[in-house]
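For the protein sequence lines, the chains are V and F, in the order given.
Using the numbering used here, the first residue of the first sequence is number 1, and each one after it goes up by one.
Using the numbering used here, the first residue of the second sequence is number 1, and each one after it goes up by one.
No incorrect hints appear here.
To spell it out: a stretch of chain F is covered by chain V in this simulated footprint if at least three of its residues, at any positions, have a beta carbon under 8 Å from a beta carbon of chain V; those stretches are: (1) 246 to 253; (2) 286 to 296; (3) 371 to 379.
What the hints contain is simulated information worked out from the structure, not anything from laboratory work.
Model, not experiment: these values are computed from the prediction.
For glycine and all other residues, C-beta sits at the position ideal for the given N, C-alpha and C.
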Amino acid sequence: MFHKNNAKNSELPELGQICLLAEIPQGEVFRIVEIKGGPGLHRRLLALGFHRGDLLVLDGEAPMRGPLLVRNLTTDTRVALGRGIAGKIIVEPVRNHE
Amino acid sequence: MNESAPVIVFVGQPNCGKSTLFNALAGFKAQTSNFPGTTVTHAHSQVLWKGKVYTIVDLPGTYSLTPHEPQEKVVLTHVFKEKPDLIVNVVDASLLCRSLELTVELLELEYPMIVVLNMMDLAEKKGMSIDTGELEKKLGVPVIKSIAIRGLGTTELMNSVEKVLSQKIKPQALKFSPEVEKRIKKVQDLLPEDFPVVANKRFTAIKAIESETLAVDKFFLENNPEFKTQLDRVRQEISALREFPAYEVIAAERHHLALKIFEDCCRVRHARVRAVEKFDNLIMHPVFGLVFLVLIFAGMFYLIFKIGSPLETWLLKPWEAIRLAIENRFGQSLMAELLSGLVQGIGGGVAIVFPYFIPLLLLMGLLEDSGYLARAAFLLDTFMHYIGLHGKSVPLFILGFGCNVPAVMATRILESRRDRLITVLLIPFIPCAARTTIILALVAFLLGPWWAVGFYFFNLLVIAVLSSILSRIFKYSSPGLILEIPSLRWPSFKNIMQKTYFNLAEFVRFAWPILIGGSVLLSLLSFIKFDRLMNTLLSPFVSGLLGLPQSLGVTLVFGFLRKELSLLMMFQALGVNYASLLSAISQVQLLTFVVFVNFFIPCLSTLAIIWKEMGRKVAFLSVLLNLSVAVVISLLIRLAALIF
Numbered sequence: 001m002f003h004k005n006n007a008k009n010s011e012l013p014e015l016g017q018i019c020l021l022a023e024i025p026q027g028e029v030f031r032i033v034e035i036k037g038g039p040g041l042h043r044r045l046l047a048l049g050f051h052r053g054d055l056l057v058l059d060g061e062a063p064m065r066g067p068l069l070v071r072n073l074t075t076d077t078r079v080a081l082g083r084g085i086a087g088k089i090i091v092e093p094v095r096n097h098e
Numbered sequence: 001m002n003e004s005a006p007v008i009v010f011v012g013q014p015n016c017g018k019s020t021l022f023n024a025l026a027g028f029k030a031q032t033s034n035f036p037g038t039t040v041t042h043a044h045s046q047v048l049w050k051g052k053v054y055t056i057v058d059l060p061g062t063y064s065l066t067p068h069e070p071q072e073k074v075v076l077t078h079v080f081k082e083k084p085d086l087i088v089n090v091v092d093a094s095l096l097c098r099s100l101e102l103t104v105e106l107l108e109l110e111y112p113m114i115v116v117l118n119m120m121d122l123a124e125k126k127g128m129s130i131d132t133g134e135l136e137k138k139l140g141v142p143v144i145k146s147i148a149i150r151g152l153g154t155t156e157l158m159n160s161v162e163k164v165l166s167q168k169i170k171p172q173a174l175k176f177s178p179e180v181e182k183r184i185k186k187v188q189d190l191l192p193e194d195f196p197v198v199a200n201k202r203f204t205a206i207k208a209i210e211s212e213t214l215a216v217d218k219f220f221l222e223n224n225p226e227f228k229t230q231l232d233r234v235r236q237e238i239s240a241l242r243e244f245p246a247y248e249v250i251a252a253e254r255h256h257l258a259l260k261i262f263e264d265c266c267r268v269r270h271a272r273v274r275a276v277e278k279f280d281n282l283i284m285h286p287v288f289g290l291v292f293l294v295l296i297f298a299g300m301f302y303l304i305f306k307i308g309s310p311l312e313t314w315l316l317k318p319w320e321a322i323r324l325a326i327e328n329r330f331g332q333s334l335m336a337e338l339l340s341g342l343v344q345g346i347g348g349g350v351a352i353v354f355p356y357f358i359p360l361l362l363l364m365g366l367l368e369d370s371g372y373l374a375r376a377a378f379l380l381d382t383f384m385h386y387i388g389l390h391g392k393s394v395p396l397f398i399l400g401f402g403c404n405v406p407a408v409m410a411t412r413i414l415e416s417r418r419d420r421l422i423t424v425l426l427i428p429f430i431p432c433a434a435r436t437t438i439i440l441a442l443v444a445f446l447l448g449p450w451w452a453v454g455f456y457f458f459n460l461l462v463i464a465v466l467s468s469i470l471s472r473i474f475k476y477s478s479p480g481l482i483l484e485i486p487s488l489r490w491p492s493f494k495n496i497m498q499k500t501y502f503n504l505a506e507f508v509r510f511a512w513p514i515l516i517g518g519s520v521l522l523s524l525l526s527f528i529k530f531d532r533l534m535n536t537l538l539s540p541f542v543s544g545l546l547g548l549p550q551s552l553g554v555t556l557v558f559g560f561l562r563k564e565l566s567l568l569m570m571f572q573a574l575g576v577n578y579a580s581l582l583s584a585i586s587q588v589q590l591l592t593f594v595v596f597v598n599f600f601i602p603c604l605s606t607l608a609i610i611w612k613e614m615g616r617k618v619a620f621l622s623v624l625l626n627l628s629v630a631v632v633i634s635l636l637i638r639l640a641a642l643i644f
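Let the hints inform the model, and build the full structure from the sequences given.
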C-alpha cells in the first residue's frame, strides 16, 4: 500500500532478540519485556492493562507515520499508541504462539 | 452516611457503560457516548425502589485508583471522602480480563460492593462465556449481568442493592503473593498514629507504597521524614523481589489475580473473525480509512442540507404569511410592530430547530455511540501533530460541532494543561449545531450551497492556522497519543433519541425565550427609536470598520447571548423578510456579517463554561482572541471584495 512498513520485508528478529514496539511487523505476536520512559507513562500503560509479559500484536497503523494500533492479546484490549510511546516499549518475538 | 438515602457510587473503567446504566436507572441525566472519558463531572440522582430512596452517583471512568488523570481524582475524592454505602463496579464484560484489575483494587477498600457485568451481548458475540456463579465465589461479591443499553439487568441490580445494604455484606480483599503481603503488613505496622487511614489499614499501606514518584510522596517527606525513610526501605525490598519499581510489583500482583480469576471464570471460544471486525479494519486502514472519514463528514453535511433546506423554505412560509396579514390589518402601529416581532421570533425558532438542528444532533449521536470518534482520533493524529496538538483533541472538536459547551467540559480528558488550554481556546471557533444551522440557512440559502461548503472549509482552515500559532506560543513537547479504541457497536436508537431530546430541550428552553423575547424587544426598541442610540454608539465599529449597515449594531448585543440570534435578528433590524434580504445588504456585507458574528465572541454559555473550567484569565483570553480574529478576517473579506 502507500505506507511503508519498516520491518515487513526484513527477517523477523531472532528469538530472544529484543526490539522496540515501534519496529515490529504487523500480525506477529510479541511479548513485552520492559517499559522504558518515566513513571508517568509507565503508570498510564499499567493502568490500561499493559504489563510485562503480556502478548501484543500490531493490528495496523495510521497514515503518514501516525500512531500504531496495538492489540494486547493477554487482556484483549486495543489501544492507539503514538510512535514516541511505542518506541519506549521493548518487546521480544514469540514464535510458538498457538 | 445518610440513613434515609444510602449513597451508591458507580465506578468503572472508561467506556464501560456506567452512564448508560445510570441513565437506565435515573432517567436521562448523564451524557453518554462510545468514547472513553465522556463523563467528566459526576451526576447525582435519586432513585425510588420499592418505597425506598437511594442516591446514585455516576463517576467518571477510571482505570485505577491511583490519581494521575483529572477525572480519576474526582473518583478518588468521592470514594474516599464521601464514604459511599455501596460501590457498584460496572465492568465491560467484553473486556473482563483487563477490567478485573480495577475490581481487584476496589475490593481492597472492603466496602460493600456489587459487580455489574455490562455489555453481555458484546461479550457473547466475542465468543466469551462467563460463569457468574464462579466469579461471585472468587470475588466474594454479587455479580449481576446486564445490557444497560437495552435496559436489561436494572431490576436485578436494584434487588441486589437492597439485599447487600440490608445485610451489610462486606467483601474481603483478595490476597497478593505471601512475600508481597509480608511487606504490606510491615508498612501497615509502620503507619504513624495520626496517619489518615482510608477505608482500612491494608489499603492505606498499599496506597502509600504505590505513591512512589507521586505528589503525595513529597507530602510524606515533609510531614514525617522518619516514616518516609522506612517506607522507602520497604519499597526497595518489594522492588528487589521482582526487579521492578514497587508500584509496578503491586500492579503486576493485581494483574495476575485478574488473569487467574479470568481464566477460572471465563471460557473464550476463538470465534471466527466477525464481519464487524473486517469492517473495523477497513475504516481504520491508512488509505480507505481517510477516504471513509471524508465521506462520512461530507455525507453528513450534505444530508443535513438536503433535508434542511426544502424543509426550511416550507416552514418559513406560514409565518411570513401571518406577518404580512398583521401588517395589512394593523398598519404601522405599535401593536403591529410587536406582533410581527413575535411572529418572526417564533418563525425563526421553528425554522431553525426542526430542519437543521434535529438532523445534526441525530447524526452526531450516531457517530458518538458507534465508537467512530476514537477512530477519527487515531486516523487524524498525525495531522493534529502538524498543528501542534494530538489525536485526542479530534473527538473534542467533533463534539464542538454539536455544541461547544460539552466540548469544553470534555477537554478534561487531555492530560497536559497546555493541550487543554489550546483546545479550549480553539473550540469556540468551531461552528456548533446552532451556528451551522444559521450558516446553512443564510449562506447556502441566499448565496448558494458551495458558499456554505466553502465557509466551512475556511472555518476549519482558520482553526488550523490558529492552532499552529498557539502551539508556537505555548511550546511544549506533546506526550504522544495513548487512547483506547472501543469496540464498534450498533448505536442504540433509544439512546440517541434520548440524547437528541436532551440537547433539544436544553436549546428550546434556553434559546427560544431569548429569541422570541429578543425579537419583540427589538420591535419595541425600534418603535421607540431606542435601537438608533445603540446603533449610533456602535456605528464607528459596525459601519466604519466593517462596512455594514448601521442598523445591524444592535443585533451584536444579542449575539453575545447566542450568536445565532444576531443573524436571525438582522431581518428584524434591517426591516426586510427572509427572501428579500439581499435587497437590503450586498453579498459581501452578508458574508462579512456572517463571518464576524461567527467568530466575534464565544456565546455566553461557552464563555461561562470556559470561565468555570479554566478560570477568568483564559476566558478573557478567549474573548480577546475571538474578537481579534473576527475583526481581522472581516477586514480581509472587505479588502478582497474591494480588489476583485
